[in-house]
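Participant: Spelled out, the chains give:
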Amino acid sequence: MSTVSFCGLELAHPVINGSGTFDALAAQRVFGEELRAAFPFAAYVSKTITLAPREGNPPPRLWESAAGLINSIGLPNKGLEGYLREDLPQLHELLGDIGERAGERRRVPLITNVMGSDAAELGALVEACEARAEIGAIELNVSCPNVETGLDLGADPAALEAVVRAVRELTRKALIVKLTPNSADVGACAGAAQRGGADAVSLINTLRATALAPRREDPARRPWLGGGSGGLSGPAIRAVALAQVAAVAARVSIPVVGMGGVQCAGHARDLLDVGATLVAVGSESFRDPTAAQRIAREL
Amino acid sequence: MDELGAYRVLRVAAPDAPAPAPGQFAMLAAVERWGGGDGERPYLPRAFSIARRLQGEWHFLLEDVGPGTLRLCELRPGEALWVLGPLGRGFTAPSDGRRAILVGGGVGIAPLAILQDELQVSATVLLGFRDRAHAQGAALLDGARLATDDGSSGHHGLVTDLLSADIARDPHAVVYACGPSAMLEQVRVICERTATPAQLALEAGMACGFGACFGCVVPLRSGGYVRVCLDGPVLDAAELAHVDAHAGSPA
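Protein sequences, first through last, are from chains A and B. Numbered by the numbering used here, the letters in the first sequence go through residues 1 to 299 in order. Numbered by the numbering used here, the letters in the second sequence go through residues 1 to 251 in order.
Any given hint could be a false lead.
As the list claims (entries may be wrong) - One-sided and incomplete, this derived list gives chain B residues near chain A with beta-carbon spacing under 7 Å:
(1) G39
(2) Y43
(3) A207
(4) F210
(5) G211
(6) A212
(7) C213
(8) L230
Unchecked claim - The calculated DMTMM-like cross-link candidates involving lysine to aspartate or glutamate, where the alpha carbons are at most 25 Å apart (straight line), are:
(9) A/K78 with B/E239
(10) A/K78 with B/D231
(11) A/K173 with A/E81
(12) A/K78 with A/E127
Said to hold, decoys possible - If you only want the chain B side, here are some residues facing chain A, beta carbon under 10 Å, derived:
(13) V218
(14) G224
(15) R227
Source of the hints: derived by calculation from the structure; they are not laboratory data. For every residue, glycine included, the Cβ atom is placed at its ideal position computed from N, Cα and C.
Extracted from the complex, chain A is given alone in its bound form (with noise of 0.2 Å):
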């Protein structure tokens, strides 16, 4: 295990989080002085940040699927005020004090998550993070769905490239680019994505996927996720995760932040193997939360 330089940032390991898989102030809460002494993550992505705030999808929000998780969260959050006013100071405070002894404490570099329908409102989102010294890096979420196309933002290459431009300019911070999985080419989407300035991509989000209510609790077979449909993660994903990372990091010369059901070093040896130079950690953090501490030790 040795340090890693990633878009400017010093970080102790390469392993960090995948956004929304990882509430650090509630693990404070439940873990507390042991999670300071035994952080996971090398650098904290946040969950995703929105202009206005969300309470998220209605209930049933989980499937467990087969070696897998559907997801139907809907990005709950603050608000960027909420985020800024509230959570912001306390992760300063929790992420500035992480260390096993008190006198070797070192800063976990926070890398903040937005989500924005459009250019002007990620650009909005992004002016604000540039102003807040405490954010490292800027994660961009672009698998918002497009009002008339119906299409990810993300998974149409020029409107990517074009957004990704018009934030490029409002920010000297690193800017990763978060890929969806959910499109036809995701090399030419990241490709995109570089040309409109971005400093890194992370890839694979969660794969779209749905299941239906038990037949004896719904003989009409709807969905069982209160959103309709949801995204798939856990070891399921894992072999289309390092085919994606792999294409992706072939097309592009920017680093690339790999995930996608890594559950042990091995799994995370190989998307690093295929070109990603930090790799992420989700739902095995739900099964377990040293789960990433764990990897970056047998690395």
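We have chain A already, so just place chain B on it with the hints.
Facilitator: Chain B in isolation, oriented as in the chain A frame:
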């Protein structure tokens, strides 16, 4: 592992673990062969109320209803188990001199056992089960009055019938309840109608147990959602507009 009618009591050595409060839960997963069962499951750990703490062991009440609970029921003595807990917020002791009424249904009686152990006062215990085999689970608590769906033990009908009669007899009470969502909803309605304070231990599909996944939310009467794992599993019934029929964990 002890047999208890249709249930099993899983005893886990936890000598150094912090003492759980009644109503708290833990996430459980077998270390070996967790996965590869029916439908390539289980994948996620399973949330269980801590049923009892005794002589350095935590007890859990299990019923085989799916690939996860089946694997846990198959654990052999000495086999390794992954445990995360105690988690969540538990029950609050009665105040204002109110008596305690414990209302449980099926495998949901589990947290009422540790609650009865730790209450400083004796409580009325009302438990409902499907049939005689399940009703043997009542041995987990002392002095329970029973209701069964098929009339094979105790009252032929719902445990909430017993609750209505008991509140009518002496309304200066607080109700502690855990069980299927339909039972909890009925408890909530009865307590609302009689202005009886009630604490409901909820079940919800949950991936993590520590606030990370946002999967286990329930809607509040005042609007918005709370995470059952962080702000529950025990919630004040007055905070809820209803108990969702969809509530439940992956089995």
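Participant: Hint by hint, say whether it matches the structure.
Facilitator: Going through the hints against the structure:
A least Cβ separation of about 6 Å between B/G39 and chain A falls short of the 7 Å threshold, and the interface hint therefore holds. The criterion of a C-beta within 7 Å of any C-beta in chain A is met by B/Y43, whose closest approach is roughly 5 Å, and the hint holds. Interface hint status for B/A207: upheld, as the beta-carbon distance to the closest one in chain A is roughly 4 Å, under 7 Å. At a threshold of 7 Å, the smallest CB-CB gap from B/F210 to chain A is about 4 Å, leaving the interface hint in force.
Here the hint on B/G211 is kept, as its CB sits about 3 Å from the closest CB of chain A, short of 7 Å. Because the beta carbon of B/A212 sits about 5 Å from the nearest beta carbon in chain A, less than 7 Å, this interface hint is met. With a cut of 7 Å, the hint placing B/C213 at the interface with chain A holds, because the nearest CB-to-CB distance is about 5 Å. Below 7 Å, beta-carbon pairs count as interface contacts, and B/L230 has one with chain A at about 6 Å; its hint therefore holds.
The straight-line distance between the Cα atoms of A/K78 and B/E239 is roughly 21 Å, inside the 25 Å bound, and the hint therefore holds. Of the supplied pair hints, the one linking A/K78 and B/D231 holds, its CA atoms being roughly 17 Å apart against a limit of 25 Å. The hinted pair formed by A/K173 and A/E81 meets the criterion: a straight-line CA distance of about 19 Å does not exceed 25 Å. With a CA separation close to 18 Å, the supplied pair A/K78 and A/E127 stays within the 25 Å bound.
Below 10 Å, beta-carbon pairs count as interface contacts, and B/V218 has one with chain A at about 7 Å; its hint therefore holds. The interface hint given for B/G224 is met, as the beta carbon of that residue sits about 6 Å from the closest beta carbon of chain A, less than 10 Å. About 8 Å separates the beta-carbon of B/R227 from the nearest beta-carbon of chain A, less than 10 Å, and the hint is met.
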